[in-house]
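Chemist: Letter by letter, the chains look like this.
4 protein chains.
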Amino acid sequence: MSIESLESLRDHLRVFAKDRDWDQYHTPKNLSMALIAEAAELVEHFQWVEGDQSHLLEDKTRSSVEEELADILIYLVRISDKLGIDLYKAAERKLEINARKYPADKVRGSAKKYTEYEDKHD
Amino acid sequence: MSIESLESLRDHLRVFAKDRDWDQYHTPKNLSMALIAEAAELVEHFQWVEGDQSHLLEDKTRSSVEEELADILIYLVRISDKLGIDLYKAAERKLEINARKYPADKVRGSAKKYTEYEDKHD
Amino acid sequence: MSIESLESLRDHLRVFAKDRDWDQYHTPKNLSMALIAEAAELVEHFQWVEGDQSHLLEDKTRSSVEEELADILIYLVRISDKLGIDLYKAAERKLEINARKYPADKVRGSAKKYTEYEDKHD
Amino acid sequence: MSIESLESLRDHLRVFAKDRDWDQYHTPKNLSMALIAEAAELVEHFQWVEGDQSHLLEDKTRSSVEEELADILIYLVRISDKLGIDLYKAAERKLEINARKYPADKVRGSAKKYTEYEDKHD
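If you're matching them up, the sequences are chains D, V, E and S in order.
Numbering-wise, the first sequence is residues 126 to 247 according to the working numbering.
Numbering-wise, the second sequence is residues 126 to 247 according to the working numbering.
Numbering-wise, the third sequence is residues 126 to 247 according to the working numbering.
Numbering-wise, the fourth sequence is residues 126 to 247 according to the working numbering.
Do not rely on the hints blindly, as some may be mistaken.
Said to hold, decoys possible - Just a few of them, taken from the derived set where beta-carbon distance is under 10 Å, the chain D residues facing chain E:
(1) ASP146
(2) GLY176
(3) HIS180
(4) LEU220
(5) ILE222
(6) ALA224
As the list claims (entries may be wrong) - The following residues of chain S were derived to be distant from chain V, with all beta-carbon distances above 12 Å:
(7) SER130
(8) ASP144
(9) GLU192
(10) PRO228
(11) ASP230
Unchecked claim - In silico DSBU-like cross-links for lysine-lysine, where the CA-CA straight-line distance does not exceed 35 Å:
(12) D:LYS143 <-> D:LYS231
(13) V:LYS207 <-> D:LYS219
(14) S:LYS226 <-> D:LYS185
(15) E:LYS207 <-> V:LYS185
For the record, the hints were derived by calculation from the structure and aren't laboratory data.
By construction, the Cβ of each residue, glycine as well, lies at the ideal position given by its N, Cα and C atoms.
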């Protein structure tokens with residue numbers, strides 16, 4: 126098996142679910158729950174470490190983090206497939222929104238401005 | 126702008142953060158928090174609807190769901206970049222683990238077996 | 126040990142953290158991460174079951190669910206203590222907000238109205 | 126209205142849901158989703174700030190944080206009520222588990238030992 130694109134991952138996941146008769150459980154609602162559960166496992170790895178230390182992972186933790194990231198991608202691709210949403214187009218649109226929402230010259234280098242600016246423009 | 130691969134999204138996000146001097150905030154720890162916050166916005170859209178109705182989205186909700194999915198992808202790509210993790214390789218590895226963990230003939234068509242099977246083999 | 130109020134739980138948790146020198150890790154930021162990780166473990170128990178079946182828990186699951194609920198309460202009390210926030214007063218205030226936000230005669234019996242009403246009044 | 130105990134909060138929430146005919150939506154599954162969505166709103170307030178700054182909240186943020194904490198408590202009490210789980214007893218049991226799992230003399234003052242110790246004894 127070789128995954129080289131979101132499409133190949135999507136196709137693989139379709140077969141995987143079909144072979145197990147799991148489409149019945151893969152409603153967007155259920156998949157959103159599965160996705161956040163994986164996101165939380167990611168968060169858990171970082172909860173007691175300092176931010177500036179959080180890129181330094183021991184081998185075992187790094188391997189677990191890789192698994193959580195893979196799980197998030199898997200559920201993200203699966204829910205997008207079920208909803209007929211094109212992730213790349215959605216990302217493009219969001220990047221355009223973000224470019225307008227956070228103009229570089231207005232928000233540069235400040236976490237404070239970051240959120241304040243968001244608040245004012247939401 | 127055109128996003129056609131995870132690599133192009135990654136590159137775009139690098140420039141976006143650099144232009145705003147936001148790399149200082151983009152620790153894996155902080156990014157994991159941002160990711161789960163977006164995952165929760167996704168969950169919120171589905172919390173009061175029935176599972177079998179959850180693929181039926183009104184236009185406004187559909188548009189919001191698309192944004193949340195994009196945000197999740199964005200933070201997922203960003204944290205993977207910061208950790209030097211290849212998402213496709215991670216997905217490949219996870220799919221192989223899942224194939225061993227959930228043999229089709231053992232878990233077919235049962236949510237009960239689904240989790241039970243997992244419990245016994247974790 | 127007997128926990129009979131949020132105050133006694135708070136006091137117990139203070140001693141527990143002090144005895145382990147864990148206050149250094151118990152920043153509101155870190156505690157919010159720990160709390161959501163526990164909330165996700167709760168979600169995980171319900172992700173593949175139907176809503177109307179979700180109150181029917183096998184003994185083993187029920188026992189795990191109890192632990193997750195306890196963990197959520199523990200981190201909730203701990204973060205409130207660290208921020209000097211009175212949970213009962215906060216709940217009182219929120220109930221008053223909700224009573225205004227969701228007038229019974231306007232939103233009765235409809236999940237659709239439920240969220241729509243919220244959207245319009247947010 | 127005055128909330129002075131988890132019981133009075135529980136009773137208030139029962140009436141609130143009944144008046145709106147919302148019990149039909151308040152399955153444990155749905156309530157777990159609502160709870161994690163609120164937990165994520167809490168996380169969001171802390172995602173770009175340093176841990177040691179995260180107790181310093183501006184008035185507006187503090188007021189929002191209070192609301193999120195109240196919402197978490199509300200859904201926690203509601204789901205416990207729906208499942209017939211006594212939160213104080215659950216907390217007592219969990220504190221006893223934690224006392225055995227994290228002996229003060231073994232884990233004192235080290236986040237590293239904190240998680241390592243947990244890994245070895247899970």
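Chemist: Hint by hint, say whether it matches the structure.
Modeler: Right, here's what the structure says about each hint:
no.: 1; hint: ASP146; result: violated (13 Å)
no.: 2; hint: GLY176; result: holds (9 Å)
no.: 3; hint: HIS180; result: violated (16 Å)
no.: 4; hint: LEU220; result: violated (25 Å)
no.: 5; hint: ILE222; result: violated (19 Å)
no.: 6; hint: ALA224; result: violated (25 Å)
no.: 7; hint: SER130; result: holds (27 Å)
no.: 8; hint: ASP144; result: holds (17 Å)
no.: 9; hint: GLU192; result: holds (15 Å)
no.: 10; hint: PRO228; result: holds (26 Å)
no.: 11; hint: ASP230; result: holds (29 Å)
no.: 12; hint: D:LYS143 <-> D:LYS231; result: violated (49 Å)
no.: 13; hint: V:LYS207 <-> D:LYS219; result: holds (20 Å)
no.: 14; hint: S:LYS226 <-> D:LYS185; result: holds (21 Å)
no.: 15; hint: E:LYS207 <-> V:LYS185; result: violated (39 Å)
Of the numbered hints listed earlier, those contradicted by the structure are 1, 3, 4, 5, 6, 12 and 15.
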